[in-house]
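Trainee: Single-letter residue listing:
There are 2 protein chains.
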Amino acid sequence: MYTRKFRNNAKHSSENNFDALLAEMKKQQNSKKQGEKKNASKKAAKETSKLKVIPLGGLHEIGKNITAFEYEDEILIVDCGVAFPEDDMLGIDLVIPDFSYLTKNKEKVLAVVLTHGHEDHIGSLPYFLKELNVPIYGTKLTIGLVETKLREHNILNSVERNSVNAGDVIKLGKSFKVEFIRSTHSIADSAALAITTPVGVVVHTGDFKIDFTPIQGDMIDLQRFAELGKKGVLLLMCESTNVERPGYTMSERSVGGIIDRIFNDSEGRRIMVATFSSNIDRIQQIVNSAVKHKRKVAVIGRSMTNVVKTAGELGYLDIPKTTLIDVQEAKNYSDGELVIITTGSQGETMAALSRIALGEHRQIEVKSTDRIIISASPIPGNEKSIYKVINELVKKGADVIYDGLMDVHVSGHARQEEIKIMHSLVKPKFLMPIHGEYKMLRTHKDIACELGMDKDNVFIMANGDMLELGKNSAKLTQNAVPSGQIFVDGLGVGDVGNIVLRDRRHLSQDGLMIVVVAMDKATGEILSGPDIISRGFVYVRESEELMDEAKAVVNEALDKCERRNINEWAYIKTLIKDTLRDYLWQKTKRSPMILPIVMDIE
Amino acid sequence: MYTRKFRNNAKHSSENNFDALLAEMKKQQNSKKQGEKKNASKKAAKETSKLKVIPLGGLHEIGKNITAFEYEDEILIVDCGVAFPEDDMLGIDLVIPDFSYLTKNKEKVLAVVLTHGHEDHIGSLPYFLKELNVPIYGTKLTIGLVETKLREHNILNSVERNSVNAGDVIKLGKSFKVEFIRSTHSIADSAALAITTPVGVVVHTGDFKIDFTPIQGDMIDLQRFAELGKKGVLLLMCESTNVERPGYTMSERSVGGIIDRIFNDSEGRRIMVATFSSNIDRIQQIVNSAVKHKRKVAVIGRSMTNVVKTAGELGYLDIPKTTLIDVQEAKNYSDGELVIITTGSQGETMAALSRIALGEHRQIEVKSTDRIIISASPIPGNEKSIYKVINELVKKGADVIYDGLMDVHVSGHARQEEIKIMHSLVKPKFLMPIHGEYKMLRTHKDIACELGMDKDNVFIMANGDMLELGKNSAKLTQNAVPSGQIFVDGLGVGDVGNIVLRDRRHLSQDGLMIVVVAMDKATGEILSGPDIISRGFVYVRESEELMDEAKAVVNEALDKCERRNINEWAYIKTLIKDTLRDYLWQKTKRSPMILPIVMDIE
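First to last, the protein sequences are chains A and B.
Quick note on numbering: this note's numbering labels position 158 of the first sequence as 158, and the sequence is numbered without any gaps.
Quick note on numbering: this note's numbering labels position 459 of the second sequence as 459, and the sequence is numbered without any gaps.
Heads up, some of the hints might be wrong.
Because identical chains cannot be distinguished in the list, a pair is counted as satisfied if it fits within a single copy or across any two copies.
What the hints assert, rightly or not - No more than 20 Å apart at the CA atoms, straight line, and that leaves these computed lysine to aspartate or glutamate pairs for DMTMM-like:
no.: 1; residue 1: K396; residue 2: D446
no.: 2; residue 1: K560; residue 2: E152
no.: 3; residue 1: K50; residue 2: D531
no.: 4; residue 1: K296; residue 2: D318
no.: 5; residue 1: K309; residue 2: D446
no.: 6; residue 1: K445; residue 2: E244
no.: 7; residue 1: K521; residue 2: D600
no.: 8; residue 1: K149; residue 2: E337
no.: 9; residue 1: K445; residue 2: E392
no.: 10; residue 1: K52; residue 2: E417
no.: 11; residue 1: K587; residue 2: D87
no.: 12; residue 1: K384; residue 2: E348
no.: 13; residue 1: K384; residue 2: E556
no.: 14; residue 1: K384; residue 2: D87
no.: 15; residue 1: K331; residue 2: E360
no.: 16; residue 1: K429; residue 2: E74
no.: 17; residue 1: K395; residue 2: E119
no.: 18; residue 1: K471; residue 2: E74
What the hints contain is simulated information worked out from the structure, not anything from laboratory work.
The model shown is predicted, which means the values in this text are computed figures rather than measured ones.
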């Protein structure tokens with residue numbers, strides 16, 4: 001295991017500081033890249049070479065954010081996230097980016113730099129690192145969360161992790177200098193990046209909001225964005241999640257006030273709060289209210305327990321020892337002395353809150369006096385699941401407070417006016433809106449143009465497109481490299497593709513019908529069958545007539561073959577399939593998958 | 001075919017008017033119920049008999065609204081709607097209520113009275129009427145929309161339809177008098193009901209909002225609610241769809257202003273508007289703007305075309321003949337002279353707008369100069385589908401205006417303040433919140449109690465519960481009658497149940513693996529196989545090794561049976577299943593459905 005920590009107390013790295021780091025990095029580079037030849041025509045190449053910016057995920061979608069920056073023989077990667085499966089990706093657990101361009105250029109890849117510790121920015125790392133073991137860089141909390149993940153995949157010890165602080169600058173390879181800029185988002189220790197390259201500076205915002213009063217640490221470093229902008233930024237890559245919403249996103253601190261009011265109003269009642277486990281600042285505010293109201297805090301749900309542990313150890317979460325109790329101890333306290341912080345704010349079936357709602361949680365049972373706060377908004381697509389959980393909780397008599405009833409949640413993403421501030425500070429030559437569906441990227445472009453940007457300098461790209469940047473030029477190439485969705489299903493990565501999914505969708509709609517026949521190979525005589533087995537089609541006991549008729553239809557088809565002396569498998573199978581499909585459609589207006597199986601007996 | 005139209009020019013039925021109708025109804029009753037014995041102890045029974053109110057759908061859910069009102073030997077039904085399948089109801093087309101209580105009491109059922117023509121209030125009628133052919137009553141447009149539906153099911157001519165006007169009172173059986181009260185909602189000609197029974201008056205709001213400036217017809221008849229309330233209402237059944245939202249729902253007319261502003265701002269560009277086909281007032285407002293801006297209107301999408309035709313014929317939609325053109329003629333006009341009104345505002349896969357977005361519509365192709373208005377909000381669960389459509393349209397360069405960007409939609413349901421107005425006018429003795437998930441019914445109860453209602457007089461019920469009402473009493477019995485979800489899949493009604501759905505879910509998650517073996521019945525010798533066929537599990541060509549090993553595992557299990565002289569089917573099948581399941585889980589962390597098939601050869 002190799003863990004190197006870059007520490008820098010100054011808010012912004014001075015050149016001195018950078019030189020010290022540079023020396024340290026160089027040693028490392030030398031030891032790693034022994035025998036690498038010096039490029040004699042280095043200077044000449046620099047003048048003509050272009051920086052290639054290649055998003056491999058995160059465009060025209062929400063999730064699996066990853067971008068490759070390629071200059072000559074070096075590639076730097078920013079973020080490496082997962083996406084969650086769409087409704088029609090049946091049985092799929094996770095969606096990861098297509099890394100094939102990077103694995104094909106393995107020797108070029110220097111490192112992965114991470115902006116923050118959310119799944120859509122770090123979730124694909126285990127899969128990526130198993131194929132391409134390069135060092136990773138991120139702030140302390142980000143690296144801490146990645147380590148939990150790598151441990152689960154049993155690859156922690158083989159991966160080089162490097163913790164940095166906001167303000168640090170690291171040099172990667174010959175071409176890249178990466179500065180971490182303090183940012184604010186719905187997870188602590190998030191960073192924006194300034195990537196200095198031979199053709200100019202690229203500012204990558206990561207996910208951000210402009211929070212003047214964050215809970216943990218300082219506010220987003222607006223001055224540094226301005227300073228970079230003043231010196232000249234070639235490309236701004238700016239997130240677009242909330243770009244369709246006018247105005248400003250409220251500060252995280254505003255939620256704390258509301259939560260505390262609910263605490264004030266809940267004397268003698270047990271309080272449960274469900275939120276995103278990664279929102280450490282939210283958890284801190286709940287803890288603060290708990291301490292103020294002399295309540296003990298129990299934490300439940302796997303990811304919540306993990307994050308609270310990691311964040312606590314790294315100093316991002318301050319829970320007095322006497323406040324935190326194990327959920328087992330909860331029974332020793334009265335309702336008015338307890339707060340339970342739980343996962344499940346999206347109605348996830350397996351999460352603690354869903355189990356509590358259904359009365360299936362081992363330790364916690366809902367009481368009619370409980371006050372339950374869902375401190376989150378439904379992510380599009382999760383509305384029905386979370387409403388189901390709320391309905392169950394309310395049925396059991398609990399008082400449930402959720403977004404829409406009170407402002408118990410704020411977003412972590414910049415709205416229109418904040419995005420305008422970012423643009424106005426950075427004033428880039430070129431803009432690439434990132435992180436968003438197409439309609440969001442388009443709205444982002446419109447906003448940039450309203451602020452005076454030339455529309456030809458704004459690039460709405462797709463995953464796999466390439467933007468080639470010179471000091472004064474930008475050229476977009478569509479579909480430059482392979483990109484796409486790789487499905488993770490159980491232990492399988494990429495072994496479920498569109499054909500398998502198409503079959504799953506077919507099976508899910510109308511089920512299947514299997515027809516088995518055993519046939520004498522020599523004579524074509526039917527020795528056994530046809531037997532018909534169906535699953536997911538009709539409830540067989542109540543559809544005996546239909547099944548009998550289906551059998552008769554198959555028998556008729558087989559008779560036809562016998563009369564004509566046909567004993568060719570392929571033909572018989574096709575005939576069974578077509579005849580049965582027509583019959584079933586006519587009778588039921590359904591199309592189950594039909595699988596004819598002919599067993600050859602010698 | 002029997003169609004009777006009750007016409008009543010007075011806004012409220014006078015007693016005279018009612019007597020005339022009564023005479024007419026009596027003739028009908030007499031001819032229908034010949035030989036019916038007079039009940040000698042009628043008066044005595046009336047004093048002790050209770051009114052049973054039995055919701056069979058619409059509670060703890062959005063959709064399939066239906067309520068039975070039973071008094072002695074008579075049952076009156078209000079509404080008969082469908083629900084749309086939840087995500088886990090794979091392959092299901094529609095969900096209808098369990099009618100078994102009504103079919104078991106066939107001889108008691110008098111009629112179905114309809115509040116308005118939305119699917120969640122009329123959609124189950126064809127299925128219901130096929131089992132129980134009773135007369136239906138509704139306002140003109142409602143009956144018109146039902147007729148289209150019955151025609152599609154080929155039962156139009158066998159069903160007695162009765163059109164009424166707002167203000168009409170009809171007498172049904174010995175016990176019920178139903179008055180239709182003019183209401184306002186997102187479909188024209190909607191009604192609330194005042195049902196006079198021997199124990200008192202029940203007011204059923206149907207779906208409503210308080211719209212002071214509706215497009216078609218007069219505003220909701222608040223005075224009549226007040227008049228009924230003043231006389232005394234026993235039970236108010238009030239809808240709860242928007243009960244969680246504070247304030248008032250805006251008038252339908254407010255949308256017209258916004259749409260007209262968009263027309264003003266779209267000179268020379270083609271305009272498309274997607275909205276709910278049933279929202280005739282919305283369509284009227286779009287048409288009004290079209291006329292004002294000298295544009296022709298083409299209508300596309302099956303349900304939109306149907307509704308525009310029906311509403312036009314019945315006088316609920318006023319489109320100048322020179323304005324309405326066939327979509328085929330659109331090519332004869334310039335973009336600036338056209339408006340296309342289309343279905344697909346919920347991103348439904350097969351709807352016109354989705355096809356247009358994907359470039360699959362036969363007549364309409366998106367242009368980069370198009371201005372497209374999505375005049376609807378996503379119904380929870382549809383967010384992703386509609387965003388997908390918007391993204392595709394924006395990619396093709398169109399300018400898409402949707403809810404959230406501008407107020408191009410208003411709801412048809414009363415918010416909190418409107419619900420308070422309804423309560424304050426009707427001032428019922430008892431309240432049953434209807435039409436909503438549990439959390440909404442609960443919020444509705446809280447609001448009623450805030451207004452001074454005794455909490456013991458508010459009944460949060462579930463489908464199948466029964467409320468027994470006397471003149472001064474109310475008693476709730478839970479699970480009094482069967483209720484539930486009947487699945488419609490293709491032509492099948494109720495032949496897909498939970499077992500079939502469980503299989504579909506299993507198949508959809510991990511696919512299936514079939515193992516076929518042909519065995520000599522006498523000796524137990526394996527004559528052919530094992531053959532393994534899989535679908536929806538892994539992409540077989542890239543997983544040959546896995547499939548070979550799976551076969552080896554099965555062979556080993558069969559060898560074990562042979563060594564032990566076991567030739568019992570059931571045992572062999574279980575052994576194959578268990579062994580293979582363990583092997584596949586260990587290798588892939590997936591659990592496909594495993595179907596072992598043993599063919600017996602004599």
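Trainee: Run every hint past the structure and note whether it holds.
Mentor: How the hints compare with the structure:
| no. | hint | result |
| --- | --- | --- |
| 1 | K396 <-> D446 | between (48 Å within a copy, 16 Å between copies) |
| 2 | K560 <-> E152 | neither (59 Å within a copy, 37 Å between copies) |
| 3 | K50 <-> D531 | neither (66 Å within a copy, 56 Å between copies) |
| 4 | K296 <-> D318 | within (14 Å within a copy, 66 Å between copies) |
| 5 | K309 <-> D446 | neither (43 Å within a copy, 40 Å between copies) |
| 6 | K445 <-> E244 | within (11 Å within a copy, 36 Å between copies) |
| 7 | K521 <-> D600 | both (5 Å within a copy, 16 Å between copies) |
| 8 | K149 <-> E337 | neither (34 Å within a copy, 59 Å between copies) |
| 9 | K445 <-> E392 | between (43 Å within a copy, 17 Å between copies) |
| 10 | K52 <-> E417 | neither (30 Å within a copy, 58 Å between copies) |
| 11 | K587 <-> D87 | neither (29 Å within a copy, 26 Å between copies) |
| 12 | K384 <-> E348 | both (11 Å within a copy, 17 Å between copies) |
| 13 | K384 <-> E556 | neither (48 Å within a copy, 47 Å between copies) |
| 14 | K384 <-> D87 | both (13 Å within a copy, 9 Å between copies) |
| 15 | K331 <-> E360 | within (17 Å within a copy, 61 Å between copies) |
| 16 | K429 <-> E74 | neither (24 Å within a copy, 78 Å between copies) |
| 17 | K395 <-> E119 | neither (33 Å within a copy, 27 Å between copies) |
| 18 | K471 <-> E74 | within (18 Å within a copy, 85 Å between copies) |
Going down the numbered hints, you'll see the structure goes against 2, 3, 5, 8, 10, 11, 13, 16, 17, while the others check out.
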